[in-house]
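Asker: Residues per chain are reported as follows:
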Amino acid sequence: MPKVTIDGKEIEVPAGTTVIQAADKAGIPIPRYCYHPALPVAGNCRICMVEIEKQPKQQIACNTVVTDGMVVKTNSPKAVEARQAVLEFLLVNHPVDCPVCDQAGECKLQDYYMEYGKYNSRLVDVKVKKTKKAFSIGPTVMLDQERCVLCTRCVRFADNITKTSEFGVFNRGDHSELDLYPGKQLDNKYSGNVVDICPVGALTDKDFRFKCRVWYLEQTKSVCPGCSMGCNITVEWDKSRPHQDKKARVMRLKPRHNPEVNQHWISDEGRYNYHFIDENRILFPQRKVVAIEWDQAITAIAEAIGPLQKSGRMDRVGIIVSTQLTNEDIFAIRKLFKDALKVPNIGFKVPEKPGYADDFLLKADKNPNTAGAAAILTDAVGGDEIIQKARQGGLDVLYVFGRDLVKLYGKETVEQIAKSVKLFVYQGSNVNDTCAYAHIVLPGAVYAEKDGTFTNCQGRVQRIWPAFPPLGEAKWDWKIVSMLAGQLGVPIDFKNSEDVFKAIAAGVGAFSEMTYAKLGDQGMVLKK
Amino acid sequence: MQKIATRHFDQENPQRLENYLKDKGYEAARKALTQMAPAQVGEEVKKANLRGLGGAGFPTGTKWGFIPAANPKPRYLVVNGDEGEPGTFKDKYIFELDPHALLEGIIITCFAIGSHKAYVYIRGEYVKSIATVRAAIEEAKAKGFLGKGIMGTSFDLDVIVHPGAGAYICGEESALLNSLEGHKGFPRIKPPFPAVVGLFGCPTVINNVETLACVGPIILNGGEWFAKLGCEKNGGNRIFCVSGHVNKPGIYELPNGTPLREIIYQHAGGIRGGRQLKAVIPGGISAPILTANEIDVKMDFDSLKAAGTMAGSGGIIVMDDTTDMVWAAMVAARFFAHESCGQCSPCREGSGWVYRNIKRIYEGHGRSVDLKNLPGIINNIGGNTICAFGDAVTMSIGSYVKKFRGEFEAYINRSSDLEYAKSNH
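Respectively, the protein sequence lines represent chains A and B. Quick note: the first sequence uses the numbering used here, first residue 1, plus one each step. Quick note: the second sequence uses the numbering used here, first residue 1, plus one each step.
Incorrect hints may appear among the rest.
[What the hints assert, rightly or not] Below, simulated DMTMM-like cross-link-like pairs (lysine to aspartate or glutamate); rule was C-alpha separation at most 20 Å, straight line:
| id | chain 1 | residue 1 | chain 2 | residue 2 |
| --- | --- | --- | --- | --- |
| 1 | B | Lys190 | A | Glu177 |
| 2 | A | Lys78 | B | Asp391 |
| 3 | A | Lys288 | A | Glu177 |
| 4 | B | Lys184 | A | Glu177 |
| 5 | A | Lys127 | B | Glu363 |
| 6 | B | Lys372 | A | Asp125 |
| 7 | B | Lys359 | A | Asp125 |
| 8 | A | Lys132 | A | Glu81 |
| 9 | B | Lys422 | A | Glu53 |
| 10 | B | Lys190 | A | Glu53 |
| 11 | B | Lys372 | A | Glu81 |
| 12 | B | Lys117 | B | Glu181 |
| 13 | B | Lys184 | A | Asp159 |
Calculated from the structure, these hints are not laboratory results. From a predicted model like this one, the values you see are computed outputs, not experimental measurements.
All chains should be built: construct the whole structure from the sequences, respecting the hints.
Answerer: Listed below in structure tokens is the structure:
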């Protein structure tokens with residue numbers, strides 16, 4: 001394998017590696033606009049120029065393949081000068097409208113200017129005016145031609161990743177403009193990604209623009225709960241500006257790189273699926289639509305289950321588990337209801353309509369943890385069977401986690417169940433039609449509030465981190481189950497999610513040897 | 001003096017095959033195909049010191065040798081007849097007056113590099129050239145000089161004419177390949193070079209029209225004969241296209257190494273109206289300009305390079321003492337700004353900026369700081385771009401500012417009252 005020295009640091013890389021890849025690997029920053037690791041090399045921005053010993057001209061790091069013994073200088077006076085020159089050229093016809101630009105704060109023109117620029121402006125000549133500023137190019141994205149640096153990342157994304165080829169660069173010279181081909185709209189399942197890869201404020205997200213300045217955003221690593229793919233995301237939220245956007249905390253979701261799952265991308269379906277985190281939440285425990293205290297609610301449930309426990313009639317209890325729950329939540333449910341109370345009727349399979357699926361990131365199963373539920377609840381009963389029992393008076397207690405029974409089985413069935421069982425508990429994060437029929441409603445946390453793990457359709461166990469505490473009086477689902485367990489005299493005393501995960505690793509073969517530390521950012525695959 | 005590329009130009013209807021055949025027409029191709037091995041043809045061209053006459057002056061035989069022997073893909077010859085360099089109009093004459101000399105050169109070259117398909121990319125505005133070459137191809141096909149089993153050998157060759165659509169940058173060989181493939185005329189990043197990954201991803205040789213027109217005579221008369229006609233490392237003659245303020249503008253085929261002074265004053269008849277020479281561009285608009293004191297330079301690739309300019313496409317643009325050099329620089333800069341393809345940042349933004357800056361000076365709004373900044377801005381383009389266009393902007397426009405700085409200063413001094421008044425506004 002060739003050895004290359006970059007800024008005095010010797011690195012060994014596989015043959016065929018480019019200078020920018022080697023530098024990235026060694027953590028040496030080289031500025032870039034057009035280069036993107038997941039897209040073909042374009043070599044047009046010219047800002048990644050570096051000095052290479054024994055070569056007369058500076059070379060672009062993105063298209064120069066490393067050879068053995070190559071000596072690269074990324075910060076020599078020549079390289080810095082070339083970089084400054086490119087930066088100045090890119091600003092020649094740029095409107096520099098940062099104060100009204102939504103990209104400000106995460107703009108590579110700003111960042112590199114602060115790092116390499118800071119010269120006095122020599123730009124006195126009239127700027128070229130591009131045709132269109134701030135216009136809609138599809139349901140999710142806005143385009144500003146003046147701000148575009150023509151790096152063609154979006155063009156290459158549409159050509160190579162989605163293969164929908166909406167974008168083109170039209171005209172010539174400094175009149176070149178990014179635009180859509182005539183009659184096209186940027187309307188594909190992954191269109192939001194062009195906003196992420198746009199290094200400047202040319203492509204902005206309709207959902208996000210002008211909602212919040214990016215420097216107010218906090219970032220929390222998470223996993224998209226939108227389908228069973230489990231794309232890695234960052235939840236971007238705002239803690240200091242509660243007056244913005246109707247007090248919503250989450251401002252946007254961004255993809256997080258995981259080469260094994262989603263590479264650099266997420267679907268639009270996942271990207272815009274965050275409003276439920278702050279909207280329409282169940283905020284406190286309720287009994288028949290009236291707010292009650294947590295201990296009242298837990299006691300009421302314990303009082304219904306307790307006598308059945310004593311009389312050994314656990315077959316009169318039915319549990320429907322949601323696959324939106326984390327592995328930790330599902331394990332706590334198993335520990336209490338299956339392992340301790342020996343409830344036979346525990347199920348997670350319900351007749352959900354399959355959603356849109358393709359051969360890229362979108363899966364038909366719109367739940368993030370079906371594989372985890374299947375691994376933890378090994379001999380689960382079908383959801384239909386439990387519902388059937390409840391309808392026919394075969395159950396005294398029906399405890400539903402997260403599943404909207406009205407949507408799944410229809411109003412009449414749920415109405416019937418509410419009458420035929422003695423206690424109907426609904427535990428979930430958001431208000432739905434089923435809540436109205438439940439005798440007791442318990443507020444659960446959403447994924448962005450939880451510490452835990454999801455298992456995706458590949459069997460990959462991936463960590464999610466809590467961005468902020470649960471809204472209102474909501475609690476993590478496994479904590480609610482633990483409270484109930486305490487009341488029923490079954491001690492489940494996990495201190496934190498990691499504790500629960502340790503128990504999963506010890507108790508469920510497929511998870512053996514996994515720890516939070518080992519999962520890291522990229523996750524681990526279940527053992528077969 | 002023995003003429004090569006223009007040898008038939010004075011004949012009646014030289015473009016017709018019957019006339020071409022009268023002067024040993026297609027005998028060089030017959031010799032190559034029937035008596036020589038492909039490698040021998042390449043050797044002969046190397047011996048001839050034939051260099052690329054499109055402008056870069058790269059040794060032709062060496063270029064052919066870059067085609068990888070082991071690559072199983074088809075190989076292509078692409079003929080660059082885009083002829084967009086301002087001041088250049090030689091290929092047009094070859095297309096229209098001696099298309100069979102070009103076709104014969106194509107046949108021999110394709111035989112040498114093992115290609116069975118050649119594309120002739122002709123500047124779109126050259127309507128007559130396109131028609132003439134197409135007619136010549138039909139004539140050659142009818143005689144069995146093109147198509148299957150050429151001249152009774154097992155060698156097949158198809159030649160396809162492709163008209164350009166009017167972009168200077170498509171004369172840059174990799175932009176030409178993109179254009180030929182139906183893409184936008186953007187130069188490609190190198191490596192890979194066309195000899196390895198060229199047209200349709202296959203090994204490709206790209207040669208200029210005049211270069212190929214020399215191949216036939218080289219094969220017929222031998223490489224050494226050709227080499228002796230020119231100067232050291234630059235064999236044969238060159239068609240010089242003389243335009244501007246001379247008495248007899250036109251094309252002149254002369255040996256490489258002929259002094260520029262001789263071309264202007266002897267062959268092109270001197271400066272119009274007996275005026276004084278002020279400046280000459282020796283090799284198309286991209287070549288750095290020469291002052292009247294610098295015209296004793298010999299016109300070959302190496303001498304011109306040593307003189308700080310370049311032989312380029314052989315387009316000699318002569319300017320007399322009536323020429324306003326700030327205006328001339330502005331016109332050149334406007335051309336570059338208009339023709340920059342817009343792919344890479346320094347050239348896209350820089351060429352326009354340089355033009356607007358010079359235009360501002362020309363229009364009387366120059367500032368004293370402009371002359372301080374301008375050379376640096378111009379310098380930042382060259383060497384930093386995907387193709388040689390950026391280098392051309394830097395070398396060409398930079399030379400006006402450097403060599404005629406006094407004229408720029410005069411413009412700026414004229415506007416200094418304005419500048420002073422503005423500064424106290």
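Asker: Next, verify each hint and record whether it holds.
Answerer: Going through the hints against the structure:
1. B:Lys190 x A:Glu177: Answer violated: Lys190 of chain B to Glu177 of chain A is near 24 Å, above 20 Å.
2. A:Lys78 x B:Asp391: 17 Å, holds
3. A:Lys288 x A:Glu177: Between Lys288 of chain A and Glu177 of chain A the Cα gap is close to 60 Å, so the pair fails against 20 Å, i.e. violated.
4. B:Lys184 x A:Glu177: Holds: Lys184 of chain B and Glu177 of chain A sit about 14 Å apart, inside 20 Å.
5. A:Lys127 x B:Glu363: With Cα atoms ~17 Å apart, Lys127 of chain A and Glu363 of chain B stay inside 20 Å; holds.
6. B:Lys372 x A:Asp125: 15 Å, holds
7. B:Lys359 x A:Asp125: 10 Å, holds
8. A:Lys132 x A:Glu81: The given pair, whose Cα atoms are some 33 Å apart, is violated under the 20 Å limit.
9. B:Lys422 x A:Glu53: 48 Å, violated
10. B:Lys190 x A:Glu53: 19 Å, holds
11. B:Lys372 x A:Glu81: 17 Å, holds
12. B:Lys117 x B:Glu181: Answer holds: Lys117 of chain B to Glu181 of chain B is near 14 Å, not above 20 Å.
13. B:Lys184 x A:Asp159: 15 Å, holds
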